[in-house]
Amino acid sequence: MEFLSNLGIGFGEVLTLTNLFYCFMGVLLGTLIGVLPGLGPAATIAMLLPVTFTLDPSTALIMLAGIYYGAQYGGSTTAILVNLPGESSAVVTVLDGYQMARQGRAGVALATAALGSFFAGCVATLLIAVAAPILARFALEFHAADYFSLMVLGLIASVALAQGPLLKALAMIILGLIVGIIGIDITSGAYRMTFGVNELLDGVSIVAVAMGIFGLGEIIQNLASPEPERTAYKAKMSNMIPSKAEMKQIAMPVVRGTALGSILGILPGGGAMLSSFAAYAIEKRISKNPEKFGTGAIEGVAAPESANNAGAQTSFIPMLTLGIPSNAIMALMAGAMLIQGIQPGPGVIREQPELFWGLIVSMWIGNLMLVILNLPLIGIWVKLLTIPYKFLFPAIMTFCAIGVFTLNFSSFDVYIMVIFGFVGFAFRRLGCEPAPFLLGMVLGPMMEEYLRRAMLLSRGDPMVFVERPISGTLLAIAVFCIVAVSLPAIRSKREEAFQE
Amino acid sequence: MHFIRKPKDFISGALFLAAGIAVIAISSGYDFGTPRRMGPGFFPVVMGGLLCLLAVLIMIRGLVGSVEEMEPLNAQALRGAVMVLGGSLIYGILIRPAGMIPATIILVLMGAFATKGYGLKAAIVTAVVLAAISAIVFVELLGQPIPLLGSMFGY
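Residue numbers (UniProt numbering), protein chains in the order written: chain A, 1 to 500; chain B, 1 to 155.
Please note that a few of the clues may not be correct.
What the hints assert, rightly or not - Taking lysine-lysine and the BS3-like style, the derived pairs with C-alpha atoms no more than 25 Å apart in a straight line are: (1) K244(A) - K288(A); (2) K244(A) - K292(A); (3) K390(A) - K116(B); (4) K248(A) - K288(A); (5) K121(B) - K390(A); (6) K8(B) - K383(A); (7) K292(A) - K248(A).
As the list claims (entries may be wrong) - Pulled from the structure, derived: some chain A residues nowhere near chain B, Cβ distances all over 10 Å: (8) V51; (9) D185; (10) D461.
What the hints assert, rightly or not - Just so you have them, the derived chain B footprint on chain A, three or more residues with Cβ under 8 Å: (11) 79-88; (12) 105-111; (13) 331-340; (14) 389-397.
Quick caveat, the hints were computed from the structure, so don't treat them as lab data. A quick note: this is a predicted structure, and the numbers were derived from the prediction, not measured. For every residue, glycine included, the Cβ atom is placed at its ideal position computed from N, Cα and C.
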């Protein structure tokens, strides 16, 4: 009964004109940037963060969340019609989706992606509603030491599961932790690494850093490689509705993709992209005729498209219940909450039930809007794809510049964006992914605070981290992650998995 | 450069090492405290130390194993980075004294020259359109207090 009344709170929050409008704007914008290659949800959310400051916290989060899962819907459209991933999480959809389009089954492929995503969205929403309160109640038992270890595990697992060399990712995390604590130390009041700059007293703005790394960084990356040919598949989409036989074919892949995406989304480092890759690989492995994959197998569209939407949504669980962002987008969402004066963590459900349940219900409503909207609007999305990138990126530059300036109406934040745009560019060239840096930056101040509290309670004995059962277990898992990834046998398997 | 087998690893390791040393040097000026009562210097010094350790491991890895050359920096990539970052930097410098409209126009013009295929006319039109859109959306509709024209123009 409690569950129903909670959902009631959520519906009460969402079913206002304002929140429905911003939910709609979020998913519409999400689909738009999902369709457009070269503009991802991380950059978009960073650009829009300053605009959301004037909104209610729940309205702001509803819209920003809509951008992330909306992008999962949009990404498949480009993948199927143009043979280009609109979104990084739609990379595998290209393989079979475009082949289906070439065989004249574009409509069926698009409908499969949309229906699979919708099913996954509903399941993931339900999962959040059921699992998050349990996890949050469990987290209230956590002591400072447990929290610290949980953050360590979260950070390490996020790089162990993600692509790229482990050592460099760990170094990027630590660099992020250090940059995160720049400013006034809340405990002692000491100015740390502020170099006498007043603007640094409140710390380095996460939003400005994210706009530099993702907003400007993406543009620089896109400009470096020549623009791929974009020819949208032009055929009448007469039969959108999958036949009975096709429905049968996609049912199990959708269920499997949803299950896999839901699990991988919760894990640190997970989220939409990892889920879609894993789902495709598994479908191919268990299929009776794997040689079909790559030639227009409908399962190859259904499973990853369900998985990426499920993963996008369940990645909210650790952020909302434990305060630990599992990927760069969740780090930005956590940043948005902090700016609104809400500390992400187990307290959110108790202290802000309207916000929490409103966000969850909005995801379901957003998915409903997406599946209704997406199919009729495909014609418009295809038209948008004919806009060349050279007209798009100056607009992105402009919005980044205005957005970052309006954070504090200070040019200083613009300079921070430029500096981190350069840092991101340089580190990408050196094979260091900048996403872990952002995770570290968000968690830095919290980790220091929990470390300090844990050590105070244990009277300076570091053994507390090993002796407390919860903390000890979490650290053991973290060590296991590092060892597992460093083992040569697994390392090659991991690289192979990402190659696929 | 036979000695350095993987320049990507070696250079990034060296950068991390430099950052780690700098952090330790700066933070050693703050009160370190004791493990029980950690001062403001504790966390950054420990993290700086960890960073140095990882940095050395990364550098060592750059010296062993098979050779992996760095892909050369092509002119187009460099041009893009310089124009995009430079344009944003100038925007930051100009927005107060010159105002939003001139700053946006210069930003977009510099952005346009980050890539081939922009004629001067197309670039100017794009710049003017984007400046107008941002003036309407951000200043008129959202009411952000940004001067359209700054003190440089006598406002």
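* **Which numbered hints fail** => 6, 8, 9, 10, 11, 12, 13
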